[in-house]
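Visitor: Throw the hints in and build the complete structure from the sequences for me.
Sequence lines, in order, name chains A and B.
Under the working numbering, think of the first position of the first sequence as 1, with each following residue one higher.
Under the working numbering, think of the first position of the second sequence as 1001, with each following residue one higher.
Among the hints, a few may not be true.
[What the hints assert, rightly or not] To give a feel for the contact side, a few chain A residues facing chain B, derived at Cβ under 10 Å:
#, residue
1, D33
2, R159
3, A170
4, A172
5, S174
6, H202
7, G203
8, L246
Note that these hints are calculated values from the structure, not bench results.
For every residue, glycine included, the Cβ atom is placed at its ideal position computed from N, Cα and C.
The primary structure of each chain is shown beneath.
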Amino acid sequence: MGTRRFGRGPRSALFAPLESLSRTELVTHRLADAIMLGLLTDAEQLPSETALATGFGVSTVTVREALTALRQRGLIETRRGRGGGSFVRSPAEDTTEVLRERLREYSPGTLRDIGDHYAAISGAAAELAAERADRDDVARLRSAVVTLETAARPGDRRRADGHFSIEVAAAAQSARLTRAEMALQTEVGPLFWLVMEDDSAHGLAVERCRALTAAVDDGDGPRARVAAQERISDAVGNLTERHLELVRQPRE
Amino acid sequence: MSGVRDDPGMDRTRAAHPTATPLGSATAAVVSVVRRTVDEVFEGVAGLRRDVESAFAGGTTVGRDDLAELYPTLTAPLRMPGGLAKGAGFVAAPQLLADAPWWLEWWVREPSGEPSRLVVDVDPDGEDFYDYTTLPWYRDPQRTGEPTVTGPYVDYLCTDDYTLTFTAAVRNGDAFLGVVGSDVDVGLFEAIALPSLRAVPCPATLINAHGRVIASNSPHRRGGSLVRDVDVDALWEHGTVAGTRLARCGNFPIGLMY
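Guide: Below, the structure is given as structure tokens:
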């Protein structure tokens, strides 16, 4: 099977050649993102290893490693023999289901602890940002708030929310806090962003981000820290409620 | 230096009665070190600009593969042992390349010696995509046409390091094609400036246009923090405010405050 049917629309970039220094992780990330974002839908057959290798501009060994990684994550399944190949396992509609399942497994105490860690990082970043942000930094924060406010789809909201937090950490002039923020987003971001599908939670997040930006603009560190901490606290509260709701329902 | 005693927060006691010559020659030495460093980085950037401009001069369509041919020159600043640049390359204006609407041909120095290409999400629908045209290192040379020093800032788009970025616009006639540039680690820049800063017999601090501290001989001026006890805008405009002076280090927004 060729890659021709992937050649149009937003999916065309998906199978565009990768850079010469691409690695297994890059192929894995690209495909995993596409599956999580729903660009590749459930039960869809992936191109053959050779076609993927040609499309990505990598060796078949690299593609094989990436497919193994995706299989281990349960994102594809491979059938052998006639009509065999690799098939997508997680449709976009079910991505939320995967997250819900993960949320069910976290206890309220674990959620609280994740929240404490996140609040420590983002609170410190916000307080330092208030001390150190210049006019350009504040302008970028404002524009990130507008992007978050106007984002309608959960995916866009999630991305905008992530960008805002990274802008805050960057405004703090701390490379380490920025990396810590990024690492937390990778680890627990998807879970926290589950709340973004809820319009009122999205509205509240926008309000907190606006308050945080205003505090940074005023150079008011303690107020910025409180706004950042409240933002995390809102999300943890929302997630804990959802968790309790989930465990009340019988498992299928 | 009449106003120095009005500033109790800073240790300026040694600067109370400086003879003009040692102070003047010490600050001139800092300015000269900074200028030499900045000039060296911009020399490399000018080389990149010539190469990228000539790649587009033919008027034919240029794609990613054509940029790959620029690899030897784009990575030249990164191969120089002991060179300043830790990253260098070309960032294309949106829709410029035939086969990639957004593109960074950006390379980073590696301990092994062979530079590696920085892989950034350039798919506008991608999770980590970022519209780089709004960032100062891209926007400012585009607006002004002048070589630009951005930072210090956390370069979250590329290496997540604390960085100074030196960029210049690339043009083909009137058309803006993007920017070429080099990244320098703030820590390295600081290390280069510090010996000359330490020879200044009073608190002396390198700042950018916003008053952000790049390097200082005083522990009270921390790298990355903003100078808030001096009117920095007025300092840049007049060169002296209430006994604090600013010596510009060339035509770039780096100044020595003392």
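Visitor: If a hint holds in the structure, say so; if it does not, say that too.
Guide: Results of checking the hints against the structure:
no., hint, in the structure
1, D33, "5 Å, holds"
2, R159, "6 Å, holds"
3, A170, "4 Å, holds"
4, A172, "8 Å, holds"
5, S174, "7 Å, holds"
6, H202, "18 Å, violated"
7, G203, "23 Å, violated"
8, L246, "26 Å, violated"
In summary, the numbered hints that this structure violates are 6, 7, 8.
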